[in-house]
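Asks: For this one, chain W is given, so just place chain D on it according to the hints.
Respectively, the protein sequence lines represent chains W and D.
The opening residue of the first sequence carries number 1 in this note's numbering; numbering runs sequentially from there.
The opening residue of the second sequence carries number 192 in this note's numbering; numbering runs sequentially from there.
Source of the hints: derived by calculation from the structure; they are not laboratory data.
None of these values were measured; they are calculated from a predicted model.
C-beta: ideal position from N, C-alpha, C; glycine also.
One or more of the hints may lead you astray.
Partial list, computed: chain D residues near chain W (C-beta under 10 Å) [said to hold, decoys possible]:
hint : residue
1    : GLY260
2    : LEU328
3    : ALA341
4    : LEU349
5    : MET499
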Amino acid sequence: MSLQSIPVLLLILSSFFLILFLGWRYALLALIVQYVGVFWLIAQTLPIGLAAVKLIIGWMAGAILASSQISLGEDLPVSDLSGRIFRVFVVIFGVIVAFSILPAAEAWIPVERSLLSGGLILLISGLIQLGLTSNPFRLSIGLLTFLAGFEMIYSGLVSSVLVVGLLGLINLGVGVAGSYFILSSSLEEAA
Amino acid sequence: MSAPVIWIVIPLVTGMILWLLRRRQWLSGGIAVALSALLAVLAAAMPIGVNLRIGGLQIEVGESLFVLGRSFTLTNNERPFLVMIFTVCAVWFAGSIILRQHRLFTPFGLMVVSALIGALAVQPFLYAALLVQLAVLLSIPILVPPGEVAQSGVQRFLIFQTLGMPFILLAGWVFGSGDIAQIDPAILPRAAVLLGIGFALWLAVFPFYFWLPQLTDQTRPYSAGFVLSLLPVSILMLGLDFISQVGWLRSSSVMFLMIQLTGVLMIITAGVWAAFQDEISRLLGYAVIFESGYALLTIGLNSLPGYMIFAASLLPRLLGLFVLTSALAVLKNKAQPTDFDHLQGVFQRFPVAVIALILALFSISGVPLLAGFPVRLEALELFAAQRPLLIGWVLLGNLGFLIGVLRVLLHVIRLAEEPAQNLERWAERVVLFGGIIFLFLFGIMPGVFYQSVIFILRVAPALLTAR
Chain W
1 MSLQSIPVLL LILSSFFLIL FLGWRYALLA LIVQYVGVFW LIAQTLPIGL
51 AAVKLIIGWM AGAILASSQI SLGEDLPVSD LSGRIFRVFV VIFGVIVAFS
101 ILPAAEAWIP VERSLLSGGL ILLISGLIQL GLTSNPFRLS IGLLTFLAGF
151 EMIYSGLVSS VLVVGLLGLI NLGVGVAGSY FILSSSLEEA A
Chain D
192 MSAPVIWIVI PLVTGMILWL LRRRQWLSGG IAVALSALLA VLAAAMPIGV
242 NLRIGGLQIE VGESLFVLGR SFTLTNNERP FLVMIFTVCA VWFAGSIILR
292 QHRLFTPFGL MVVSALIGAL AVQPFLYAAL LVQLAVLLSI PILVPPGEVA
342 QSGVQRFLIF QTLGMPFILL AGWVFGSGDI AQIDPAILPR AAVLLGIGFA
392 LWLAVFPFYF WLPQLTDQTR PYSAGFVLSL LPVSILMLGL DFISQVGWLR
442 SSSVMFLMIQ LTGVLMIITA GVWAAFQDEI SRLLGYAVIF ESGYALLTIG
492 LNSLPGYMIF AASLLPRLLG LFVLTSALAV LKNKAQPTDF DHLQGVFQRF
542 PVAVIALILA LFSISGVPLL AGFPVRLEAL ELFAAQRPLL IGWVLLGNLG
592 FLIGVLRVLL HVIRLAEEPA QNLERWAERV VLFGGIIFLF LFGIMPGVFY
642 QSVIFILRVA PALLTAR
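Isolated chain W (complex conformation):
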């Protein structure tokens, strides 16, 4: 097993956690691990400073979401045993799909294999999360995962400071929008 497989394994592990365990603590922990994996892989193509921007912004977005969920004071809906079994199979299926479309994706997108495989895993994991929930917290985590997957692939293609900055702003925006979704009903009346 090469060193580059470790971040890909981290991403698979974080995807399992994000889809399987629905509590905000697990989600935050998985998100932290996920962005470590993202940072590890992106640092191969982008300067370490720009890769660190993605790590920090990802953590910040996760922290914003988690703190909003805490402020709301409501527990997230939990999944029963059959639901968890279903989720396990969905994640396994997602990972299989990611690796099976990898050769075709390599022919299309000229980026390093580890970056592409990690990116595809997160893209599919994000889509699965978006498809399995209507909860604002889970939905925002799903969007962040999807965006992280795309950013990994895109960083192998374009290494512009403006792109990194704008994508960072978008990630943060998704975090803030998710936080707003969670708390909007408890905020003061607008008019």
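Replies: What follows is chain D alone, placed relative to chain W:
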């Protein structure tokens, strides 16, 4: 001073300042209206890139603003579009004061406009997708004011718009990465497919549009109308800019056929669903889909007359949606439900709003004498000449939408058994009367209004050479 500072940075900064002034709604609304009107006048009167002498003062408005090694460029070609977009904003912001919209409407409205103009101005154009995404994120507080629950429609709006961004960026990377002749020819059709999926997600094209009626049903109609007026129009202009800049796309007849067929499919499905709709707020969503269908239909013609009809149709589209959502806002402000079961007596309580609502819907359907009719007629004539076998399907969609509107009409004219009090305010009536007058003016004298808006096509200059 450069043009991007005037039309991108100033609205953005003003929006932020107005957010601080959000408690003083009249003041923030007034500033937003004045600024939008001023920027529209400036875009109409002030050439970009030439020296201006005002008294002893000499001003040169440059075309570009450089940020982190990339440029935002606005030229004289973009001025007609700037005039249109800021005029629209001035009208919507003025309406928001009168129709008592929430405090975040104008501050975030200005920021959304700034991001959308930034998307049109940024070079290379592949960065535009990021700025559109920022505009989407900034429109969330417009759609969900504090104190209200973010429902599934808004959540799906965010999801689908976010999913569209990567497709556009990847396609932009292929088409924007230097000389297209040096790219592997097998890659180009795939990139076009990515581009198509991206724009389909952004524009809520069939089958990605089910969130749209949900959004209009679950949010305030005026807010939804504003976002759904600005965002699709700007994205369509961005699409034209994309096609204009990439010669391979311009010469792809398959792509234009796909655009056209998608447009037809949107018109048919929106029309058929509209015919069975029992909730007027959801009908607003189908109206947006219907309008986007016609926009794609005219773009898909890939001819100068087609592009001209597309440009001309933006005015009735924007006006129709403004009048429709204003009328709905008047009803919703007084907690009037808009489903068919609760419309009895609504005409007695809101006579002007109901008339405006019906006329706006008729205009969108393309009924004669109203704003939408001349452009619908031209679009159908052009389409019939190019694809006579498909025109029947488009007419079927039109008929479906018209049936939906007639069903609304039949329900709103049911009178209450006991006479009801008129609940409209005079200021609301002024807005609605103004809209009604323009619906007729645009319909009776289309040449006067539509010829000027055609100049917005300069945003995509290469398309003006189409036959």
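Asks: Hint by hint, note whether the structure agrees.
Replies: Each hint, compared with the structure:
1. Interface hint at GLY260 (chain D): satisfied, since its Cβ lies 7 Å from the closest Cβ of chain W, which is below the 10 Å cut-off.
2. Checking LEU328 (chain D) against chain W: minimum C-beta separation of about 4 Å stays under 10 Å; hint holds.
3. Residue-level restraint check for ALA341 (chain D) holds (minimum Cβ-Cβ distance to chain W is 4 Å; threshold 10 Å).
4. Using the Cβ-Cβ criterion of 10 Å, the hint placing LEU349 (chain D) at the interface with chain W is satisfied: the shortest such distance is roughly 6 Å.
5. The interface hint given for MET499 (chain D) is violated, since its Cβ lies 34 Å from the closest Cβ of chain W, which is over the 10 Å cut-off.
Checked against the numbered hints listed earlier, the structure breaks hint 5 alone; every other hint is satisfied.
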